[in-house]
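Peer 1: So the chains spell out like this:
2 protein chains.
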Amino acid sequence: MSRQLQEHVSQPDTPAAPGRRRFIGTAALAGLAGVAACTDKGGNAATAAPAAASGGAAAAHEAASIHLKPGELDTYYGLWSGGHAGDMRVLGLPSGREIHRIPCFVPDALVGWGITNESRAVMGTRPDGNLKYTIGDTHHVHASYKDGNYDGRYAWVNDKINSRLARIRLDYMVCDKITELPNVQGFHGIFPDKRDPVDQKINYTTRVFCGAEFAIPLPNIATEDAGKYRSLFTCVDAETMEVRWQVLIDGNCDLVATSYDGKLAATNQYNTEMGAHYEDMMSAERDACLFFNVARIEAAIRDGKFKRIGDSKVPVVDGTHAANQDPKTALTAYVSVPKNPHGVNASPDQKYFICAGKLSPTGTVIELARVLDWFDGKLDKLDDAIVAEVELGLGPLHTAFDGRGNAYTTLFLDSQVVKWNVDAAIRFHKGDKNAKYVIDRLDVQYQPGHLNASQSETVAADGKYLAVGCKFSKDRFLPVGPLHPENEQFIDISGDKMVLLADHPVHSEPHDFIIFKRELLHPKQVYALDDFPNAVKDPKDSGVFRNGRKVTVRITSQAPAFSLREFKLKKGDEVTLILTNLDKIEDLTHGFAIPKYNVNFIVNPQQTASVTFIADKPGVFWCYCTHFCHALHLEMRSRMIVEA
Amino acid sequence: MSRQLQEHVSQPDTPAAPGRRRFIGTAALAGLAGVAACTDKGGNAATAAPAAASGGAAAAHEAASIHLKPGELDTYYGLWSGGHAGDMRVLGLPSGREIHRIPCFVPDALVGWGITNESRAVMGTRPDGNLKYTIGDTHHVHASYKDGNYDGRYAWVNDKINSRLARIRLDYMVCDKITELPNVQGFHGIFPDKRDPVDQKINYTTRVFCGAEFAIPLPNIATEDAGKYRSLFTCVDAETMEVRWQVLIDGNCDLVATSYDGKLAATNQYNTEMGAHYEDMMSAERDACLFFNVARIEAAIRDGKFKRIGDSKVPVVDGTHAANQDPKTALTAYVSVPKNPHGVNASPDQKYFICAGKLSPTGTVIELARVLDWFDGKLDKLDDAIVAEVELGLGPLHTAFDGRGNAYTTLFLDSQVVKWNVDAAIRFHKGDKNAKYVIDRLDVQYQPGHLNASQSETVAADGKYLAVGCKFSKDRFLPVGPLHPENEQFIDISGDKMVLLADHPVHSEPHDFIIFKRELLHPKQVYALDDFPNAVKDPKDSGVFRNGRKVTVRITSQAPAFSLREFKLKKGDEVTLILTNLDKIEDLTHGFAIPKYNVNFIVNPQQTASVTFIADKPGVFWCYCTHFCHALHLEMRSRMIVEA
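Chains A and B supply the protein sequences, listed in that same order. FYI, UniProt numbering numbers position 557 of the first sequence as 557, with every residue one higher than the one before it. FYI, UniProt numbering numbers position 512 of the second sequence as 512, with every residue one higher than the one before it.
Among the clues, some could well be false.
Claimed, not checked - Mimicking PhoX-like on lysine-lysine, the simulated pairs with C-alpha atoms at most 25 Å apart in a straight line are:
hint : chain 1 : residue 1 : chain 2 : residue 2
1    : B       : K596      : A       : K177
2    : A       : K228      : B       : K228
3    : B       : K436      : B       : K464
Hints in this document: simulated from the structure, not taken from any laboratory.
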């Protein structure tokens with residue numbers, strides 16, 4: 001155990017954060033002592049700045065500014081991954097209020113996601129009609145770019161369990177496509193590109209890059225022969241959501257980053273050892289940040305230099321070390337990074353990728369121009385692209401930016417956010433030992449994973465707010481049984497010192513998020529009837545239309561009544577029920593539930609949705625409006641009569 | 001249209017609530033003009049108090065008091081129904097933060113509710129192994145009582161779609177039982193009793209009463225003959241969760257209330273006409289609050305005076321008008337209440353039930369002692385139990401109490417909360433036209449449904465805070481597409497004037513809730529290994545145990561590793577995987593996901609959970625920990641090898 005680690009474990013509780021150090025001494029380190037190879041930082045004056053006290057008078061003073069008066073609107077949107085709840089969440093900031101949940105990978109009983117035919121087509125079904133998957137493990141949320149800032153078209157979120165990528169239309173804030181990546185397990189990092197690598201007029205997102213963490217036999221045939229296990233890096237088309245290409249690599253893919261010029265994508269790798277057990281995965285002292293030369297990869301595919309794996313039609317190019325020794329033709333470049341790095345983040349000045357060390361207490365700064373130089377044969381040693389590698393604290397995971405040259409990195413083991421200056425770190429790395437790169441430290445509660453600042457990963461980083469996803473809340477909220485919420489803390493970063501503003505409990509576990517100005521988004525609040533080819537546009541078109549045992553029931557809703565007050569079916573009918581909400585007024589949503597038939601869904605103003613079921617239970621079933629709509633909402637029903 | 005309604009529609013927007021009146025003039029009234037029989041209130045001086053301006057300086061001043069500093073704990077718990085998200089939510093108040101979601105009727109991909117064998121047993125499955133239902137429409141949350149206050153044992157919530165009642169153990173905050181009521185549709189109101197009607201030493205909850213809103217043929221055979229349609233009122237045992245008895249009634253059951261002495265339960269009825277269409281349901285000028293004499297009903301059952309319906313074993317007594325003409329033997333009593341009433345609430349002084357008129361602008365105060373007098377033959381005319389019936393405003397829905405003699409009623413159409421004094425209302429009703437019973441009005445945003453005050457429906461009502469569930473939020477939050485959140489507003493009721501403190505967006509639609517002091521609850525945060533008969537208590541007990549094609553896999557978790565680093569199966573095996581989390585530290589939860597097998601669930605500290613699946617896909621599958629646990633969380637895996 002390093003000296004610093006020992007100090008932390010034995011350090012008494014501070015008044016500002018009761019129980020904090022005690023907790024660090026127990027939960028988060030359980031089992032880690034003896035395996036984490038954290039170097040001794042005692043001799044590094046630059047990292048010895050005392051931790052800022054959290055809470056207290058300063059925080060109370062600032063807090064007023066984030067508490068909106070009733071009716072006041074937030075000034076930022078936040079898009080939050082829903083963790084293994086499988087959704088995407090929309091927050092308003094600075095209030096931290098959750099305004100919306102967008103179902104993606106997991107059914108949502110409220111809106112009928114996974115119930116309606118339309119949503120089932122997006123989610124995917126098995127031959128027996130059941131949904132293919134009903135779970136998800138969402139990690140990273142990113143949105144489409146134009147000219148280096150968000151353009152409000154799309155957001156994406158990944159499902160790690162089943163290697164799927166979901167796209168959200170940000171106009172209606174709904175998931176419209178889900179793609180399952182072939183020959184991949186543990187799909188973890190994602191990032192959209194920001195510009196085309198060749199045609200610089202295409203100044204917006206057209207690709208989404210996806211990293212696969214777990215190496216598996218390719219194709220996946222049961223074997224313990226580690227030599228047959230490999231990971232793939234995947235490129236998905238942002239518009240069609242089809243997989244464009246994959247790259248076979250050494251090691252694995254963890255977090256992903258992209259350059260502003262569109263030329264480079266990269267993924268951190270924590271298991272270059274390609275081990276199957278965690279002890280093997282951390283045996284090497286350095287792992288890698290793996291760069292992809294997007295233009296060369298796509299040229300290779302155009303030239304037919306690819307293979308395919310198993311049943312997949314996707315072209316796969318060879319990005320292994322062995323095949324990419326000549327910089328001038330290399331598709332990939334493995335820059336070394338200390339021990340099991342985690343996050344890789346692009347600085348808003350467009351110059352650097354910063355890798356967080358995780359099991360190494362360091363941040364590594366890689367200069368993108370030098371990586372391009374290496375690909376051009378102008379840099380002899382690839383690792384010379386590393387312009388800084390400085391100690392930050394224990395367990396660095398992710399980095400955000402304020403647009404003023406400072407980086408903010410979460411320290412999982414130290415339970416802190418460290419604010420550090422990138423230029424000062426570069427000077428320190430070059431030999432200027434007087435360069436004080438660490439500017440501030442703030443205790444957070446507890447064990448932070450992701451963090452992000454307002455507009456952080458855009459050219460418009462504005463350095464106002466920082467949100468930190470703390471993985472353990474322990475004693476920060478009223479007890480609610482064994483499953484604690486996580487604690488998303490909100491921090492003011494507009495001054496020299498970080499100021500903790502608020503604790504927000506969240507349903508586990510949201511992982512990653514982005515925060516941007518509300519002006520960048522313009523959601524629509526009423527659908528157009530014509531958006532739905534099966535719309536019932538007039539109540540007069542309602543009715544029961546029979547074709548043998550196949551029956552179509554067409555209904556409209558207008559508060560406080562459905563167009564059909566009753567409809568008759570015969571036991572055994574295959575029924576498709578189509579409901580169009582003819583109400584045009586914003587916020588006037590109706591629901592439609594059929595008791596005992598496991599059917600409930602909503603229709604927003606001017607929306608059409610449909611369900612298909614077998615009328616297998618005879619009797620009378622009162623279908624009713626489940627979404628409060630009117631003073632006579634309780635009386636809004638339709639009677640389904642199933643004759644035996 | 002009444003004069004007052006016309007005034008509201010034409011009234012210009014107020015600065016305090018832009019767009020409010022315009023909205024009331026459109027969405028909520030769409031289709032209602034011409035059908036709502038709201039009486040003209042112009043002559044009633046008592047209701048002419050001007051509406052209090054909402055927001056503004058007062059609100060801003062008070063707001064500081066509800067904004068907790070980081071690390072400060074809330075002082076109240078709130079238990080919120082999850083609407084058609086199908087869960088129960090735990091809030092901290094006054095902050096309004098959602099701390100926990102408790103899955104009940106709907107699968108929860110985060111915890112594996114609906115995935116683990118243990119949760120599937122609670123939810124119920126079909127013969128094919130699929131869950132019987134995956135949706136829910138939760139409405140009302142109530143908790144167990146002792147001596148007229150919450151005792152922290154249980155909470156209950158209903159599912160209207162499939163007529164189910166769920167119980168939550170409040171020690172671990174998990175759902176442990178779900179009961180489907182027989183021969184019932186539209187199960188809406190619930191309320192636990194507060195004392196036994198006969199044995200007053202049983203001073204705690206032993207029954208839960210359940211009202212069914214939709215009349216159906218009994219038994220449910222397809223017919224349009226309205227004469228065969230009936231509703232039932234149901235009593236469920238609070239401990240066993242088995243159905244004790246049902247009562248056949250005229251009309252329907254809407255909201256439910258119980259008396260503090262345990263002798264009376266009641267349900268409001270909006271469709272005494274027993275109509276099938278909404279016009280029929282509102283044809284009568286008066287409907288009813290239907291009282292049940294609990295002791296007499298249970299005596300009748302002991303005496304064998306019951307029948308059974310269809311396949312159900314539940315005894316059903318006759319509570320219809322025709323069978324209960326003699327007060328001295330009557331099981332039920334139908335007190336008349338104006339037109340389509342909605343909420344019925346018991347005042348904390350234990351004396352009154354208050355019915356909100358919905359389509360009548362009135363509140364009706366029924367004195368419980370007089371209802372008991374009627375059952376005892378001491379009151380000639382049952383409706384003489386009505387001690388007040390006063391005009392409150394348009395669309396009264398629900399009533400809360402401050403323990404100081406005041407009632408707070410939501411006015412759906414007026415978009416207001418009205419504060420009124422019950423004693424003054426009784427004096428006014430008796431003829432004292434100087435009795436000013438309306439004390440204050442507060443605009444809310446918009447169209448409130450349920451409301452509840454801190455400790456409102458207990459003898460310990462403390463009159464500090466009021467939460468109001470507004471069904472439409474419209475312009476109160478950043479736009480998030482067609483599906484708006486609802487707006488739970490938080491109000492200070494400690495003074496003469498109500499003060500609006502905060503808007504809280506919520507995932508639709510939470511309906512009802514209770515708020516109580518945090519001291520009343522003592523959740524446990526670590527399980528006991530012995531709570532689970534299938535626990536794997538020692539890592540050495542791990543392994544793959546085969547019995548023909550049935551395979552049991554026993555695993556333990558201790559951060560950062562599972563006890564089995566890999567396990568081998570054969571294609572076609574029926575696998576039961578049992579995972580015990582041996583970590584003992586609070587908040588140290590692990591997850592277990594199997595890619596492509598649709599399996600993910602969590603195990604809290606010292607918890608055991610299991611899943612059963614067919615190993616139908618050969619290959620290598622990296623099972624991994626989905627719940628962040630440790631610096632080596634990403635490395636925490638187990639390899640499932642399925643041989644072809």
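Peer 1: So, for every hint listed, does it hold in this structure?
Peer 2: Hint check results:
no.: 1; hint: B:K596 to A:K177; verdict: 19 Å, holds
no.: 2; hint: A:K228 to B:K228; verdict: 70 Å, violated
no.: 3; hint: B:K436 to B:K464; verdict: 23 Å, holds
Hint violations for this structure: number 2 only, all remaining hints satisfied.
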